[in-house]
Amino acid sequence: MNLNRTTSFQLDWLTVIVFTALVVFGYFNILSASVAGEFTSYLDISKPYGKQLFFILSSFVLIILTLAVDVKFYERFASIIYLGSILTLVGLFIFGKQVNGAISWYDFGGMTLQPSEFAKFATVLALAKYISDLQTNIKEQKDQIRAAILVGVPAGLILLQNDAGSTLVFASLFFVFYREGIPQYYLLFAVFIAFLGIGTLKFSALSVCLTLAGLLLIYQLFFKRKKKKIGGVLTILICSIGLSFGVQWAYNNVLQKHQQDRIGLWLRLEKDPVKLESMKRNISYNLNESEKAIRSGGTFGKGFMDGTRTKGNFVPEQHTDYIFSTVGEEWGFLGSSSVIILFLILILRILYLAEQQKSQFSRVYGYGVASILFAHFLINIGMVMGLIPTIGIPLPFFSYGGSGLWSFTILIFIFLKLDSNRLNEW
Amino acid sequence: MRKILLFGLVILTGICFTGRLYYLQIYTANEFDIDNDNAIRKVFHYPKRGYIYDRNDSLLVANQPSYDVMVIPGEVEPLDTILFCNLLKIDNNAFLKSYKRAKNYSPRLPSPFLRHLSKEDYAFLSEKLRKFKGFYIQKRSLRDYQTSIGANVLGYIAEANNKEIAKDSYYRLGDMIGKQGVEVSYEKKLRGVKGVKYIQKDIYNRDIGAYKQGAFDTLPVPGKDIKITIDSELQAYGELLMQNKIGGIVAIEPSTGEILSLVSAPSYNPNLLVGRQRSKNYTKLYSDTIHRPLIDKGLTRMHVPGSPFKLLVALTALQENAITPKTNIICSERYVYGKNKRVMKCHCGGGFRNLDSGISYSCNSYFAMAFRTTIEKYSNASESMDIWSSHIKSFGLGNFLGNDLSVGKKGNIPDGSYYDKWYPEFQWGATTIISNAIGQGEILVTPIQLANMTAAIANKGYYYTPHIIKSIEGEDMDPNFTTPKQTSIEPKYYDAIIEGMHNVYNKGTADFLKVPGIEICGKTGTAENFTKIDGVRQQLTDHSIFVAFAPKDDPKIAIAILVENGYYGSRWAGRIASLMVEKYIKGEVTLKRMERLVIEKSLEDEYLKPYSGKPFKINDQ
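Which chain is which? The protein sequence lines are A and B, in order. Each residue of the first sequence is one higher than the one before, starting from 1 at the first, in the numbering used here. Each residue of the second sequence is one higher than the one before, starting from 427 at the first, in the numbering used here.
No wet-lab data here; the hints were simulated from the structure. Take the hints with a grain of salt, since some may be wrong.
[Claimed, not checked] Chain B regions said to be covered by chain A (calculated; three or more residues, Cβ under 8 Å): (1) 436–444; (2) 449–455; (3) 625–632.
Note that CB positions come from ideal geometry on N, CA and C, so glycine has one too.
Assemble the whole structure, with the sequences as input and the hints as a guide.
Here it is, written out as structure tokens:
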């Protein structure tokens, strides 16, 4: 431990450096992806790259503000920030602006703000505050449910605004719960549900249930010590059957057509290679173009501003959700794996620092930051490379957008502020 | 466990992502290739194709612009076909046919829709065509022949076919490539290098600017003008003399190896293979299987050489000391040889024959003796035959000459192993293969080989590889064409042969072909001519052959002439030789009667005889 960190202002410079590197590299990729033929000026505010430069500069103002505020502020005002965030989310239903079917934006005369981005750090703050409260014991079911509601409210509101991707990010806070001591079987249950769900969609509810019943029967007959009691096994079976058919029903009736298609394509439900190929080209057109762009980059890439597929706008949404394909095309394997390594360093460093915290509030908050970043990293890059179904969420620091950049900046720098203060506590 | 779960998952994700990147960008990567990226459009700029001049700087081949209507089927929008067809002056069927063909080739790439618009049509259409999306006019360059002669030498250009495109990636569908003559031999010099512009496209196939600010763009390099060795006046005269006959004339300048004229008869007007009527005309020329006008007979017609070959038999015999110029025989108009007293007839008139009179009267008996003596000099016939064969081959016979003409034939000069294979069980000897002595037998030559042989005799022992290129703009000559090739016969033996050839004109078989004021040396030849008609081997009228060079003391021209089915050598080939020599050396022809006879006489009946289905006689006057 670094004993030179004395008073109130000792930043973790590794995190700052990695953060800065990601933001700067991100900017150049947005520049390349959005310059599209005619370049006017770096400051041209009508172009994404011009706006992004403005967002980056203003986020440095936010950093100074975030760091200037007294460290106790965040813990004390966590509830207020949270409630304010919920209000802005609710307000969207009245004042919000609809873009691509999602009502996620406030429009202030050309400037748009996306409250769901800010809800992330507000929720993490509130969760940290709640879990670190002396009266809260997360090992108790009552408190687990309250904490889950705390996360569930903003997540539910965002889902109602038709932004399923962002909702999924909130699920990553499960890691915080787990770290803070919810029982082990929650994890087993989550993994079991995931396998059950995927198995159901890939094969069918019936076959999954029959297989499960067979396995449980073998367990009951050969491995269980108290053979008379079959209640537990039966409960698991009945719940699983219910869940399995529930998943199947939800897939067919709750999910929208494009969501069904994306999941169906990911699970390769279509066997005919010709049809599969045409599905790839139509349903996951973006993904197909994105993979082509990444593949065309090869080992060393085509060079900055020289990506032919980026320049020709072959990948839709390239400067937002698909920005990683620009990295892949222009910087090749070396550049894109460097980005992955930078993200790993950032997330692992935050996790490490979180574990070092003496106050539970800081630790929970740090864990929440790492979980949120990990969720974005996993979903976005996984999607752009075709490893997981298409879910539209931005890549932190890389994707174009002010709300996202500001939100991630605040998210990280609140933690760095908390971290800088850890030696001063007690 | 609780602390490391997220740690572990983050690291696992990192490994998965890096693995996926490795799979995408290294393992299955399509290495970036500017020519195969469909985000980049390539626009070619075709340079001017080099002009072709003759040895006296008169322009033979230039260029003319041509305009093609091109179509990119994928970009075509619904259109008023009636209006469109009226504009292009085509009917609806032709429209559908062309459109379908273009679509079958590729919906994305441009295909020719209507070729060779006239200049007037182009001016009219270039405005109107803009309304029709997916159609545009491409300018091309076609050849413009300033002459109607030398089609076989000049050749023609046409669109490169799939085989040629596969062989050389420079060519793309629609590019022109040389197909015959010097257009093939000097294709790379003449065509230059096309320039290319790389243009970045967007997803809607629109151009959005130069790729990398044009860093990879290249300018076209214009094709080079070339000058060929043909004397177009002599060439034209040769073609005139050969009209209504089948055969070839090859004239070479012995002191340089330059081909002065290369006549293939019948030929065609090169302008037939340019423009809209090209494919119709080509089919017509291609399907004429009697005259085969597309075949260069001077280069590819293999035949037995007949009597001119006796010159080499004599030279070989002299070199091998089998005879001397004074060796003599008494010819009884027949040469009897072998155990079974086989007979070779001789038409020299009989009597006392030495080398000189043997050549001038073309005495079969004399050369049968010379050949036999040569072959029997060594104990083993096969070994002797090898030595004989290598002497003959040193004159450029029996192999490709290594010239700069796109077609050729090796011919055949047998050696020892050739006959060992032919007679595996049989002890063969000189008498078995005696017909080689008089240029019949297994010997096969082409007219250009005969001309080259004559040039080597005129030079007394060496020749320059015959070539068609006189100079290429800004380039040195290929040293292959400027270094003399020595024959294996010592120079001292040539004098007697040349004297004999001179006496062919003075008193021998060509004494009626003398040209006033020019000392010509020559040799007549009559080649037996067999062919297969409907699977039956038949003898047709002999080929008339003649070789000559002149003047005797300072040879300016060596010439070989083949007139198919022309009967004896002096009858057609000899006359043509005299006329050509006089034309070249004097610049004008005084032998007007001979000229008229040659020009007016047609051998067409002779060529049609075998196909008439009726019995026919050969070798009648």
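(request) Mind taking a look at whether chain A covers the segment 625–632 of chain B? Criterion is 3 or more residues with CB to CB distance under 8 Å. (result) holds (count 4)
(message) Taking 8 Å as the Cβ threshold, is the statement that the segment 436–444 of chain B is covered by chain A upheld or broken by the three-residue rule?
(response) Since 7 is at least three, the answer is holds.
(request) Please count how many residues of the segment 449–455 of chain B have a CB within 8 Å of a CB from chain A and say whether that reaches 3. (result) Result for this restraint: holds, n = 5.
In summary, the structure agrees with every hint in the numbered list given earlier.
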